[in-house]
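With these hints in hand, go ahead and build the complete structure from the sequences.
2 protein chains.
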Amino acid sequence: MGAVLQDTSESVSIDLKQYMEQLGVQARQASQIMAQIDPRTKNAGLSAIACRIDANREVIKVENARDLQQGQADRLSDAMLDRLELTDGRIDAMVEGLRQVVGLADPVGEISDMKFRPSGIQIGKMRVPLGVIGIIYESRPNVTIDAAALCLKSGNASILRGGKEAIHSNRAIYQSIEEGLLEAGLPKHAVQVVNTTERTAVGHMLNLPEFIDIIIPRGGKSLIERISNDSKIPVIKHLDGNCHVYIDDKANLDKALKIAINAKTRRYGVCNAMETLLIAEQVADSILPEIEKALLAKQVELRGCEQTRKISNNEMIQATEDDWYTEYIAPILAIKLVENMDQAIDHINHYGSRHTDAIVTEDLTRAREFLRRVDSSSVMVNASIAFADGFEYGLGAEIGISTDKLHVRGPVGLEGLTSQKYIVFGDGHIRA
Amino acid sequence: MGAVLQDTSESVSIDLKQYMEQLGVQARQASQIMAQIDPRTKNAGLSAIACRIDANREVIKVENARDLQQGQADRLSDAMLDRLELTDGRIDAMVEGLRQVVGLADPVGEISDMKFRPSGIQIGKMRVPLGVIGIIYESRPNVTIDAAALCLKSGNASILRGGKEAIHSNRAIYQSIEEGLLEAGLPKHAVQVVNTTERTAVGHMLNLPEFIDIIIPRGGKSLIERISNDSKIPVIKHLDGNCHVYIDDKANLDKALKIAINAKTRRYGVCNAMETLLIAEQVADSILPEIEKALLAKQVELRGCEQTRKISNNEMIQATEDDWYTEYIAPILAIKLVENMDQAIDHINHYGSRHTDAIVTEDLTRAREFLRRVDSSSVMVNASIAFADGFEYGLGAEIGISTDKLHVRGPVGLEGLTSQKYIVFGDGHIRA
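From first to last, the protein sequence lines are chains A and B.
Numbering follows the numbering used here, in which position 402 of the first sequence is assigned residue number 402; successive positions increment by one, without gaps.
Numbering follows the numbering used here, in which position 204 of the second sequence is assigned residue number 204; successive positions increment by one, without gaps.
A pair holds if it fits inside one copy or across any two, identical chains being indistinguishable in the list.
List of simulated lysine-lysine pairs, DSS-like, C-alpha gap at most 30 Å: (1) K421 to K258; (2) K221 to K125; (3) K258 to K115; (4) K115 to K250; (5) K237 to K115; (6) K125 to K250; (7) K258 to K125; (8) K421 to K221; (9) K237 to K164; (10) K421 to K237; (11) K250 to K421.
None of these hints come from the bench; they were simulated from the model.
Just so it is clear, the structure is predicted and the values come from calculations on it, not from any experiment.
Below, the structure written as structure tokens:
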């Protein structure tokens, strides 16, 4: 269990479990200070970190190059190496991201719903930080900055555990974070990076409910599932999405065409892309050929149910039961005809992943029913599901999308990293 | 593992794990129907259950007498036997409780915060049920009705696991619930009582995250801790409270006296009773003797810090470190003098249980700071902490008080049993 932990400033050899606990204790202490820090100081910290990242970019690139070299030696996939790489453009984006978070409204201390009760007391809610947030992610080193920024702005302390393949990049980035925190007079341990590549560190981290209030895993499904299973700390899950668009027989077909094409082709690798298109069979003859033509022109592979294939002008692949469950994250689309909205809703609630689903219809009653009955974190009417995103929703930056129901659902921004406590005013009131 | 499960109508012998899964599957199915049921039908169900409980009260009392008899044979404590007993008064209270829940506003489908975004889409939130709620409780059979009513009103299906010592009472009560559900045309499995006294049923229940969305344990700390540790399902915890009142040196001493006496003596056995009183040393001479006199007149045992004992007119017991951590739930009070508000806040955040704490002060800046810095689910200014209660807060009935930060904090009413999803309207909008 003894592990050598290389600090940026010193080398220490201590027990790994003890090391993780130490991070936890330090984070808890820092969180108590952070919860009280005024917005101006937090913003000064974010700005200082942005300046440091900008100024230290050569060092960051050198350290990133070490990770890339090691990654090549370890035969990481091209996709992984791409996620790992910090180009000047990506460093610019990190700096810009920090400055955007500065511009967001501070959620902490917001008081709402103050009302007088018959007893004479006045009661409302105050928004407060959660405390300590643990983020566990994979190879992208820019997550280190994005996550640190949102946790800091929301008044939380954070413990960041990045992928082993990005350890040098993360250390270099952390150097800038630490300098920025200290420059602004913020506690050094407001942000901490787990400074070891030992895999068992994650297990220890998940076992610290007294020091960490919430775990947010970011990465592939298997990582997230493993963490959810092992964690003694509540997890806000950011799963991928098997998202649907349903074209109702009362749809305006021009809108339906635009939305279907946008939902599939705007970006293929994102969790809010359409993976299955459902079409009411009454309008399939009118709209399917047009959709097919547009998608084939963009090299999207189509997999249809039997009925879809009958209408199709092309030799469409037969969709199997598996296709309805699949999130392709690729230029592939499953298409199914349904008898009516009920069937569409049943399909979505059965095969979907509770992420984002839309109906295209001009019928008010159906729109209302679809909104009620589809059990997803975002449900849309006559809009492209590509809008499911923190920026588009007005949350500012987002730390991910929750497909769970507890605490926060859908895109998670600063508010999702806070909680509300009750506040009560009296004037010497006592309870009868 | 084979267990004989006595249904009220039939006897079946099946595997326990399988039985619990069956309850889960049935609950999940019922929850999908429940989420769509209109308020009128849910209220009809609640009213029908109220009528049945009233009409079946003789049967309920007979079955309850069996439990009481068994409890006496098993040498349950008097307190436990008292909790177990269903008198006519308690049955009346169950019926009245159901009727009160009928009168509460239905939280499901509530739409809020609809706003237009620069893209042209309109986005807001819709309140929806959580799905399936598992309640695990101890001997009080009236919890069966209270919990069932709140889950039903909030559009959730529920699985209720009461104490083994109340099994006959719970079966009898469930009979009325089932009749009421069917009379109103609600799904039979919208409410289910775990119909076995096998202890391992709880373990199986906690291991059904695919069928149960949230677990709410009600009972003693050890039960709650055990459930939190074992559960694969998120838990909303309802712990007890080590609550404080701090009398600031800027307090109006008349208000302080009234609040301190009310907070301690209104009821001793409740989680929102004051357990430690903190007094700024500048005003201790003026107020402590009066408080002491009033509390001693009510036979409250006082345990003071050294300084408190010096001012005390009586031979006060010396408080130990343990006292600051203790929730007495009894006519005992610990008293400590502090130098200033900072010390009071540090004491509360260190020794407290994050339940409810109050300051008595006329100083605006201190009041604001106390509200911000005290990390409890309810923080009060110049009001008795006895107000910490769902009815007093305007939530209607409460299912308990959460001292956690995620999802819901403080008294948990109907809203705490729901979640919000995003809803989006467009008019054919696509994302650029």
